[in-house]
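In the numbering used here, each residue carries its 1-based index in the sequence shown increased by 1.
Keep in mind that the hints were calculated from the coordinates and are not lab data.
Honestly, I wouldn't trust all of these hints.
Okay, derived cross-link-like pairs now, DSSO-like style, lysine-lysine, Cα gap no bigger than 30 Å in a straight line [stated by the list, open to error]:
id: 1; residue 1: K231; residue 2: K247
id: 2; residue 1: K54; residue 2: K20
id: 3; residue 1: K231; residue 2: K205
id: 4; residue 1: K54; residue 2: K64
Taking CB as the label site, the calculated pair distances span [as the list claims (entries may be wrong)]:
id: 5; residue 1: H249; residue 2: D19; range: 26 to 36 Å
id: 6; residue 1: E72; residue 2: Q37; range: 33 to 43 Å
id: 7; residue 1: E10; residue 2: Q197; range: 47 to 57 Å
id: 8; residue 1: R227; residue 2: E10; range: 13 to 23 Å
id: 9; residue 1: A135; residue 2: R71; range: 21 to 31 Å
id: 10; residue 1: P17; residue 2: R219; range: 26 to 36 Å
id: 11; residue 1: Q197; residue 2: G225; range: 45 to 55 Å
id: 12; residue 1: S142; residue 2: E72; range: 19 to 29 Å
Please read these numbers as outputs of a predicted model, since none were measured by experiment.
All residues carry an ideal CB built from backbone N, CA and C; glycine is no exception.
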Amino acid sequence: MDECIEILEKSSDALPSDKVMIHWAKLVHIIEDIHQQFCPDDTGSIVAFSEPKVQYTLKVFEKQLEQLRRERGPSDFRKLTWNPLTVSFTDELPAVFTQAEYIVNLYLHEGAMHVDYSEDQKSLGDDHSSPTSAAHMNALSTCLTSIHQAIDTICSVDIKDLISLPVFALARTSFTVVALIKLYSIVSSPETHIGQVIDVASLKTEYYLDRVIEHYTRAGEQAGGRTPAKFSVVLSMLRGWFLKRKDHGLALRDAFGGGLRPMNCGHDKAACQSAAEKYPRVSWFPYLSFYIFAMPA
Numbered sequence: 002m003d004e005c006i007e008i009l010e011k012s013s014d015a016l017p018s019d020k021v022m023i024h025w026a027k028l029v030h031i032i033e034d035i036h037q038q039f040c041p042d043d044t045g046s047i048v049a050f051s052e053p054k055v056q057y058t059l060k061v062f063e064k065q066l067e068q069l070r071r072e073r074g075p076s077d078f079r080k081l082t083w084n085p086l087t088v089s090f091t092d093e094l095p096a097v098f099t100q101a102e103y104i105v106n107l108y109l110h111e112g113a114m115h116v117d118y119s120e121d122q123k124s125l126g127d128d129h130s131s132p133t134s135a136a137h138m139n140a141l142s143t144c145l146t147s148i149h150q151a152i153d154t155i156c157s158v159d160i161k162d163l164i165s166l167p168v169f170a171l172a173r174t175s176f177t178v179v180a181l182i183k184l185y186s187i188v189s190s191p192e193t194h195i196g197q198v199i200d201v202a203s204l205k206t207e208y209y210l211d212r213v214i215e216h217y218t219r220a221g222e223q224a225g226g227r228t229p230a231k232f233s234v235v236l237s238m239l240r241g242w243f244l245k246r247k248d249h250g251l252a253l254r255d256a257f258g259g260g261l262r263p264m265n266c267g268h269d270k271a272a273c274q275s276a277a278e279k280y281p282r283v284s285w286f287p288y289l290s291f292y293i294f295a296m297p298a
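Whole structure, please, built from the sequences with the hints as guidance.
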């Protein structure tokens, strides 16, 4: 693939749409590398985010994303039109690509959200392995910023243009929404001590949920807005699920793999069992790899 990209970049016959394809190909290549480095095939193993090797690899990917942003000229995505029948491009494609960059950045730092809730967890700021270490806090802050930027970007697209965007651009917003909910579960949990550093109010969880749902709903009311209307229903279900559990830390944490440990109910096993029955384990954090990695065909 690298050879194909190099030939296309140097070709005098390359079209403006070829530049767009090159940028997408490079972005997909980066995220495939991220997946290989941070998501081992052994699903039972978790990459230790605080390890020096992981931090070094993280910096390498951050530089690659920054380099890709510098390579993308301000006019590379302009003067193109999107036609769903011919699968060509639109003036809103810069927003779609920018959204993708933010989501890739989120995906890169998402490992910081795998927090150990064990009882022997180190106290606030003990060392580099603590959830409140500088490395973890920087990564979590980057996750939050990327989530907000991705949602702001898709909500900046006019509703008349939103209905013409590729389905994957609408679908992958679900990834950012679920990530935001997971981040809330971490910050609001007293066991992680992260709430002492990041104010839970700064997440603006309900604000961003309401904002993207309202935007999709308005687009869904337009002629041809069937797709955003469907995703607004999905996101509304996620919001309802979150609001039901936001004040029940044990249930919310368990939904993201935090485990049904007697954190909020002391050693009262009956209370924990009741919480488990009322709020069964639900896997709400799939990587949605198809929608994140998908490119215009």
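Evaluated hints:
1. K231 / K247: holds (24 Å)
2. K54 / K20: It is violated: about 34 Å lies between the C-alpha atoms, which goes past 30 Å.
3. K231 / K205: Satisfied, since the Cα-Cα distance of roughly 24 Å is no more than 30 Å.
4. K54 / K64: holds (16 Å)
5. H249 / D19: 26 to 36 Å: violated (52 Å)
6. E72 / Q37: 33 to 43 Å: Given a distance of about 22 Å, which is not inside 33 to 43 Å, the answer is violated.
7. E10 / Q197: 47 to 57 Å: Holds - the Cβ-Cβ distance for E10 and Q197, about 48 Å, lies within 47 to 57 Å.
8. R227 / E10: 13 to 23 Å: Between R227 and E10, where Cβ atoms are some 38 Å apart, the hint is violated.
9. A135 / R71: 21 to 31 Å: holds (26 Å)
10. P17 / R219: 26 to 36 Å: Given range 26 to 36 Å: holds, Cβ gap about 31 Å.
11. Q197 / G225: 45 to 55 Å: Between Q197 and G225, where Cβ atoms are some 48 Å apart, the hint holds.
12. S142 / E72: 19 to 29 Å: Because 26 Å falls inside the window, the suggested range holds.
Hint violations for this structure: numbers 2, 5, 6, 8, all remaining hints satisfied.
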